[in-house]
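Peer 1: So the chains spell out like this:
Number of protein chains: 2
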Amino acid sequence: MSAFNRYRIFAVILMASVAFNAVAEDRFAGDRARWLAIAGHCKPALNVTEVSPVAVVEAQEDAAAFQGWKYVPVASPDSLCEMNFRQKCTVTLDFGRHITGHLVLRLKTLGDVMDAPVRLKFFFGETPGEMNVPLDPWRGSLSRAWMQDETVTLYASDRDIRLKRRVAFRYLRIELLGGNFDFALDGVRCEATTSAGECATALNEDCPQIIREINRVSLATLSECMQTVYEDGPKRDRRLWIGDLYLEALAGRYSYQNHLLTKRCLYLFAGLTDGNGRMMADLFEEPEPHPQWGTYCLTYSLLYPSVLLEYLKDTGDVTTAQDLWPVAKFQVEDALGRIREDNTCSASRAWLFFDHQVMDLEVPFQGAMLFALSQSCELAERIGHGNEVAEWRIMEAKIRKGAKARYYNRKSGLMESPDGSPVSVHSQIWAVIGGILSPKEGRRALEAVFSREDAVRANSPYAMHYLLEAMMQCGMGEQAKATMVDYWGGMVHKGADTFWEVYNPSDDLHSPYSFYPLNSYCHAWSCTPTYFIFKYPDIFQR
Amino acid sequence: MSAFNRYRIFAVILMASVAFNAVAEDRFAGDRARWLAIAGHCKPALNVTEVSPVAVVEAQEDAAAFQGWKYVPVASPDSLCEMNFRQKCTVTLDFGRHITGHLVLRLKTLGDVMDAPVRLKFFFGETPGEMNVPLDPWRGSLSRAWMQDETVTLYASDRDIRLKRRVAFRYLRIELLGGNFDFALDGVRCEATTSAGECATALNEDCPQIIREINRVSLATLSECMQTVYEDGPKRDRRLWIGDLYLEALAGRYSYQNHLLTKRCLYLFAGLTDGNGRMMADLFEEPEPHPQWGTYCLTYSLLYPSVLLEYLKDTGDVTTAQDLWPVAKFQVEDALGRIREDNTCSASRAWLFFDHQVMDLEVPFQGAMLFALSQSCELAERIGHGNEVAEWRIMEAKIRKGAKARYYNRKSGLMESPDGSPVSVHSQIWAVIGGILSPKEGRRALEAVFSREDAVRANSPYAMHYLLEAMMQCGMGEQAKATMVDYWGGMVHKGADTFWEVYNPSDDLHSPYSFYPLNSYCHAWSCTPTYFIFKYPDIFQR
Numbered sequence: 001m002s003a004f005n006r007y008r009i010f011a012v013i014l015m016a017s018v019a020f021n022a023v024a025e026d027r028f029a030g031d032r033a034r035w036l037a038i039a040g041h042c043k044p045a046l047n048v049t050e051v052s053p054v055a056v057v058e059a060q061e062d063a064a065a066f067q068g069w070k071y072v073p074v075a076s077p078d079s080l081c082e083m084n085f086r087q088k089c090t091v092t093l094d095f096g097r098h099i100t101g102h103l104v105l106r107l108k109t110l111g112d113v114m115d116a117p118v119r120l121k122f123f124f125g126e127t128p129g130e131m132n133v134p135l136d137p138w139r140g141s142l143s144r145a146w147m148q149d150e151t152v153t154l155y156a157s158d159r160d161i162r163l164k165r166r167v168a169f170r171y172l173r174i175e176l177l178g179g180n181f182d183f184a185l186d187g188v189r190c191e192a193t194t195s196a197g198e199c200a201t202a203l204n205e206d207c208p209q210i211i212r213e214i215n216r217v218s219l220a221t222l223s224e225c226m227q228t229v230y231e232d233g234p235k236r237d238r239r240l241w242i243g244d245l246y247l248e249a250l251a252g253r254y255s256y257q258n259h260l261l262t263k264r265c266l267y268l269f270a271g272l273t274d275g276n277g278r279m280m281a282d283l284f285e286e287p288e289p290h291p292q293w294g295t296y297c298l299t300y301s302l303l304y305p306s307v308l309l310e311y312l313k314d315t316g317d318v319t320t321a322q323d324l325w326p327v328a329k330f331q332v333e334d335a336l337g338r339i340r341e342d343n344t345c346s347a348s349r350a351w352l353f354f355d356h357q358v359m360d361l362e363v364p365f366q367g368a369m370l371f372a373l374s375q376s377c378e379l380a381e382r383i384g385h386g387n388e389v390a391e392w393r394i395m396e397a398k399i400r401k402g403a404k405a406r407y408y409n410r411k412s413g414l415m416e417s418p419d420g421s422p423v424s425v426h427s428q429i430w431a432v433i434g435g436i437l438s439p440k441e442g443r444r445a446l447e448a449v450f451s452r453e454d455a456v457r458a459n460s461p462y463a464m465h466y467l468l469e470a471m472m473q474c475g476m477g478e479q480a481k482a483t484m485v486d487y488w489g490g491m492v493h494k495g496a497d498t499f500w501e502v503y504n505p506s507d508d509l510h511s512p513y514s515f516y517p518l519n520s521y522c523h524a525w526s527c528t529p530t531y532f533i534f535k536y537p538d539i540f541q542r
Numbered sequence: 001m002s003a004f005n006r007y008r009i010f011a012v013i014l015m016a017s018v019a020f021n022a023v024a025e026d027r028f029a030g031d032r033a034r035w036l037a038i039a040g041h042c043k044p045a046l047n048v049t050e051v052s053p054v055a056v057v058e059a060q061e062d063a064a065a066f067q068g069w070k071y072v073p074v075a076s077p078d079s080l081c082e083m084n085f086r087q088k089c090t091v092t093l094d095f096g097r098h099i100t101g102h103l104v105l106r107l108k109t110l111g112d113v114m115d116a117p118v119r120l121k122f123f124f125g126e127t128p129g130e131m132n133v134p135l136d137p138w139r140g141s142l143s144r145a146w147m148q149d150e151t152v153t154l155y156a157s158d159r160d161i162r163l164k165r166r167v168a169f170r171y172l173r174i175e176l177l178g179g180n181f182d183f184a185l186d187g188v189r190c191e192a193t194t195s196a197g198e199c200a201t202a203l204n205e206d207c208p209q210i211i212r213e214i215n216r217v218s219l220a221t222l223s224e225c226m227q228t229v230y231e232d233g234p235k236r237d238r239r240l241w242i243g244d245l246y247l248e249a250l251a252g253r254y255s256y257q258n259h260l261l262t263k264r265c266l267y268l269f270a271g272l273t274d275g276n277g278r279m280m281a282d283l284f285e286e287p288e289p290h291p292q293w294g295t296y297c298l299t300y301s302l303l304y305p306s307v308l309l310e311y312l313k314d315t316g317d318v319t320t321a322q323d324l325w326p327v328a329k330f331q332v333e334d335a336l337g338r339i340r341e342d343n344t345c346s347a348s349r350a351w352l353f354f355d356h357q358v359m360d361l362e363v364p365f366q367g368a369m370l371f372a373l374s375q376s377c378e379l380a381e382r383i384g385h386g387n388e389v390a391e392w393r394i395m396e397a398k399i400r401k402g403a404k405a406r407y408y409n410r411k412s413g414l415m416e417s418p419d420g421s422p423v424s425v426h427s428q429i430w431a432v433i434g435g436i437l438s439p440k441e442g443r444r445a446l447e448a449v450f451s452r453e454d455a456v457r458a459n460s461p462y463a464m465h466y467l468l469e470a471m472m473q474c475g476m477g478e479q480a481k482a483t484m485v486d487y488w489g490g491m492v493h494k495g496a497d498t499f500w501e502v503y504n505p506s507d508d509l510h511s512p513y514s515f516y517p518l519n520s521y522c523h524a525w526s527c528t529p530t531y532f533i534f535k536y537p538d539i540f541q542r
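Protein chains in written order, with my numbering: chain A, 1 to 542; chain B, 1 to 542.
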C-alpha cells in the first residue's frame with residue numbers, strides 16, 4: 001500500500017495528537033529493544049537463483065496488447081555474447097518471468113583491451129508498456145527515482161559486474177551511452193532473491209486451467225514480495241505494510257508457509273510502535289528498522305491482532321502470541337474512544353484505508369472496528385487472556401446493533417452513509433465481515449450494490465480480496481469464483497506475470513499516481529487468490 | 001599520454017609483427033610472474049584525507065575567464081545541511097583544490113521519513129568550463145564515459161553513502177532528478193587519496209612568487225597522479241604510461257621521493273612484456289595487471305632504461321637494477337635493427353610519440369635512440385654490466401655522426417628532414433638531448449627554430465619538458481626560466497589548480513580529442529617544473 005500522499009493531511013493531524021499524547025507514558029519502552037532483537041533473529045537468509053534471459057526481443061506497438069505494447073522475440077539470448085555492442089548500441093532482453101534481484105554481467109572484449117570506461121544505461125521494467133513510454137518530463141505524483149533506469153560507468157572488462165541497485169523486472173533494455181572499443185555483453189543474468197522456498201500445496205488434477213493460471217501468478221506474486229520482510233511490491237514501495245502483511249500471511253498459509261517471516265514482521269511492527277504504543281502503517285529495514293512516522297493508519301493497526309491470530313493458528317506458537325498480545329490489544333483499545341453514544345464509531349481525524357478510491361469511510365469503518373474486536377477476542381481467548389476482553393464481546397454486540405440502526409436501509413437493503421455520500425461496495429463488504437449484516441442480508445446488500453450504477457466499486461486487488469471474503473461468508477461461492485476469474489483472470493489474459501497493485505479492467509493506464517509506469521506490477525495485496533483456491537477447493541478447484 | 005587512437009594504425013602493423021615473432025622464443029617467461037609479485041609487494045597503501053567543500057558557488061559566463069566560465073562563491077558550505085534540497089534542486093560546490101577520491105554524503109531528512117528513493121545526478125569537473133558546456137550530443141573522439149557525471153538512486157537517508165566511482169575534480173554540481181520528501185545534503189565530503197606523502201623539499205625564501213606558484217601547482221599535479229601507480233591523469237586515462245612514469249620519477253626526486261612506487265611501476269612494465277620481450281606503452285592495474293596490447297610505442301620503450309637509471313641514482317638499489325637490466329637492455333637491443341648503413345635510424349613502421357602534433361618523426365627519433373643508448377650504457381656501467389654494452393658506445397658515436405651528416409643543415413643551423421617536412425622544435429630538442437648537436441650548435445638551432453614562423457612548435461607540457469631539458473643543456477637557463485614562467489605560469493594565471501595535459505596559450509579550447517572537456521586537467525607529464533626548480537635552484541629560485 002502506498003497511497004500515502006493523498007492521506008498526508010490526516011497523518012499530519014494525527015502526528016500532532018501523537019506528539020501531544022507522547023508526553024504521558026511510554027507503554028512498551030521496556031519491550032521494544034527485545035522485540036526488535038527477536039525480529040533480527042528471525043531475518044531469513046535469501047535463496048539466490050541465477051536467472052538468464054530467454055530471448056532478445058523487440059518492442060511493437062499493438063493496440064490489442066496491454067498498455068499498447070508487446071515484445072516479440074527476435075534472437076536467442078546466446079547471440080548476445082557475440083554481438084558487438086559498440087555497433088549494436090541497444091538491446092532488450094526478456095527474462096521470461098518476473099524477477100527480483102541484482103543484475104550481473106561482464107563486458108567481453110572483442111579484440112583490443114578496454115582502454116576507456118563504458119557508460120551503459122540499464123532500464124528494468126515489469127511491463128512492455130512501462131518500458132516504452134517516455135518517462136521524462138516526469139508526470140508521476142511519486143518520486144521519479146522509483147523508475148528503474150540506472151546509468152553506470154564501468155572501468156573493467158572480463159570480470160563480473162554486479163549492479164548495486166536491487167531491481168524488480170521481467171524486461172531489461174541496455175543502451176550504450178559511451179564507449180570506444182569493441183565488446184560484447186557476456187553472462188548477463190540476474191541473481192534473483194526470495195525467502196519463499198518450496199510451495200507446500202498442489203492443485204487438484206481437474207482444477208480448471210484459468211484457476212491454475214491464477215494460482216501460478218498468485219504464487220509468483222507472493223514469492224517475489226517475500227524478501228527479508230513481506231514487501232508490498234519489490235519495485236515499489238519495497239517495504240512492509242500491515243495491510244499487505246495480513247494478506248501475505250493468509251496466502252502464505254496455503255503456499256510457502258514461511259511462518260518465521262511472519263513472526264519477524266509481527267515483531268518489527270511491535271518494536272517500532274511510538275511512545276503511545278501506536279503502530280505505524282509501514283516500516284523500513286535499512287539502515288536500521290524504522291517506521292514511517294506519520295503513517296498511523298487506523299484500519300491497518302486494527303488488522304495487527306488478525307495477523308497475530310492467523311500466525312497463532314498456523315504455528316500454535318502461544319509464546320509469541322502472549323508476548324505480543326499487549327501491543328495487539330492496545331491497537332484496539334486505543335480506538336475504543338471512538339465509540340459514540342449511539343454505539344457507532346467515529347471515523348473523524350483518522351487515516352482509514354480500504355481502497356484506492358474516493359469514498360465514504362465511516363460506514364466501512366464500523367465493520368473494520370467490529371472485525372478487530374472479534375478477532376482480538378478470539379486471540380485473547382485462545383491464549384488464556386479471555387478475561388481481559390469479556391467487556392469487548394459486549395461492545396461488539398452493541399456496535400453491531402448501533403451501526404445497523406444508523407446505516408442500514410432496510411428498504412434498499414444497503415448500508416448507506418447518512419451524509420449522502422454515494423453508496424459503496426466497501427460499506428457492504430465490511431458490514432458482512434464485521435457481522436453487522438447476516439449472510440442473507442449481506443448477499444442482498446452485495447447484489448443490490450452491484451446493480452446500482454452509481455455505486456462506488458472496488459478499485460484495487462486489496463478491496464477485491466475483502467469482496468471475495470464477504471462473498472464467501474454470504475454463501476456466494478460461485479459468484480466469488482466468477483469474480484476471481486473475471487478480475488484476476490483478466491490480468492492473466494492481459495499477460496500478467498505477477499498480479500498488479502491496481503487493475504481497472506476498462507483502463508489499462510489507470511494509476512493512483514498520475515502516471516501508470518509508477519504502478520507496482522507485482523504487488524503483495526493481489527496475491528490472495530491462492531488463499532481462496534486452497535481454503536475452498538470444492539468451489540475454486542472444480 | 002593517451003593519443004592512442006591516432007596511432008592505432010601503426011600499432012596494428014606492429015601487432016602483426018609481434019604476433020609473428022612471438023613464435024620464436026619467450027625471452028622473459030621465467031621472470032614475469034616473479035616480477036609481478038614484486039610489483040604487488042610494492043603496492044602502496046593510499047593516504048586518505050577528508051576534504052570538504054569550501055563554498056557553494058554559482059557559474060558566471062566571463063569572456064576573460066579560462067574557457068569562458070568562472071565560479072563565484074554565493075554561500076558557505078555550512079548552509080548545505082540546512083538547505084531543503086527538494087526545493088533547491090541543484091547546487092554547485094567548490095572544494096577549493098583538485099581532489100582525487102570518492103564522494104561521501106548523507107541525505108538528512110527534514111521532517112518526514114524518506115519514503116521513496118532519491119535520484120541524484122553528480123557532475124564532477126576539473127574546470128568551470130568543463131562543468132558548463134553541454135556534453136550531449138557527444139562531440140569527443142574518446143569515450144563519453146570519461147566525463148564524470150553519475151546518476152545514482154539512493155534508498156536510505158541518514159547514513160553515509162559513498163559513491164563507487166573514483167573521481168578527480170574540484171567542482172561538483174548535484175542535481176535532484178527525483179525525490180518527494182524534504183531533505184538536505186549533509187556531510188558532503190571527498191575521501192581524497194594519494195600515495196604522495198610529505199614533500200621533502202622547500203623553496204628558497206627569496207624564490208620569486210610566480211615560481212613558487214608554479215612549484216605548488218606542479219606538486220599538486222604530481223601528488224594527484226600518485227595513486228597505486230603513477231597515473232597519467234586521475235580523470236583520464238587513470239593509468240600508467242612509460243613516458244609519464246619517467247617524468248613523474250624525475251619530479252618525485254625533488255618532492256615526494258616515493259621510490260618504492262617507481263620500483264612498483266618498473267616491475268609492472270617488466271612483468272607485462274610480450275612474448276618477444278617488448279614492453280607496451282601503458283598498462284592497467286585492474287582486475288589484474290595487464291598491458292594495453294597493441295600500444296608498443298618505441299620512444300616510450302626506449303625511455304625504460306632511463307627510468308631504471310634514475311631509480312638507481314635515487315636509491316642505490318643495485319639489486320633491482322640488475323634484476324631488471326635484461327628487460328631494459330632488450331628494449332634498446334630490439335631497436336638496433338633499425339640502424340641503416342649510413343648510421344641513421346629508420347623510423348618506419350613504428351609508433352613514435354614526441355608530442356600531440358603532426359610532425360616529422362624521423363629526425364627526433366635519432367636523438368631518442370641516442371639518448372636511450374647513452375642512458376643504457378651508463379646504467380650498465382653502474383651495475384657492472386659495462387662489458388655487455390661496449391659495442392653500444394661505438395654505435396652511439398657512429399649514429400651521432402651519421403645523423404648529423406644526414407639531417408643537419410649547417411647553413412640554417414637546423415636539424416631538418418630530408419623529405420621536406422616542416423622544420424620542428426622537436427628535431428632540435430632531441431638532437432641536443434641525443435648529443436648530435438653540441439651545446440653551442442643546439443643553442444643556435446633552438447634560437448633559429450624559434451625565429452621560424454613556419455616551424456612546428458611544442459604543443460604539450462610533455463614536449464615542453466624536453467624543450468626545457470635541451471635549453472638547460474645548451475646553457476639557456478634564463479630562456480628556460482622565461483619559458484617556464486610563460487608556459488606553466490600561463491596556466492597558473494588562468495587558474496590552474498593542477499597542470500594540464502594540453503595547453504595552447506592562444507586557444508583555451510584546444511584539445512587533441514575534438515572536445516575540450518575530454519582533456520585531462522591534472523596530467524602527470526606536466527608536473528616537471530618542480531624538477532627544474534630544484535635541480536637548478538640558482539636559475540629558477542632566484
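FYI, nobody ran anything at the bench for these hints, they're computed from the structure. Everything numeric in this text was worked out from a predicted model, so none of it was measured. Check the hints yourself; a few may be wrong.
Claimed, not checked - Where chain B lies over chain A, by a calculated footprint (3+ residues, C-beta under 8 Å):
no.	stretch
1	140 to 149
2	310 to 320
As the list claims (entries may be wrong) - Derived EDC-like pairs (lysine to aspartate or glutamate); straight-line CA-CA distance at most 20 Å:
no.	chain 1	residue 1	chain 2	residue 2
3	A	121	B	175
4	A	121	B	136
5	A	43	A	314
6	A	535	A	186
7	A	70	A	378
8	A	121	A	213
9	A	164	B	149
10	A	121	B	149
11	B	121	A	175
12	B	121	A	136
13	B	108	A	314
14	B	164	B	149
15	A	535	A	469
16	A	108	B	288
17	B	108	A	288
18	A	121	A	186
19	B	404	B	362
20	B	108	A	286
21	A	164	B	158
22	B	121	A	158
23	A	108	A	213
24	B	164	A	160
25	B	70	B	82
26	A	313	A	381
27	B	164	A	158
28	B	164	A	149
29	A	121	B	314
We put the CB at the ideal spot given by N, CA and C, even for glycine.
Peer 1: Run the structure past the numbered hints and jot down the numbers of the failing ones, going up.
Peer 2: Violated hints: 2, 6, 7, 8, 13, 22, 23, 25 and 29; rest satisfied.
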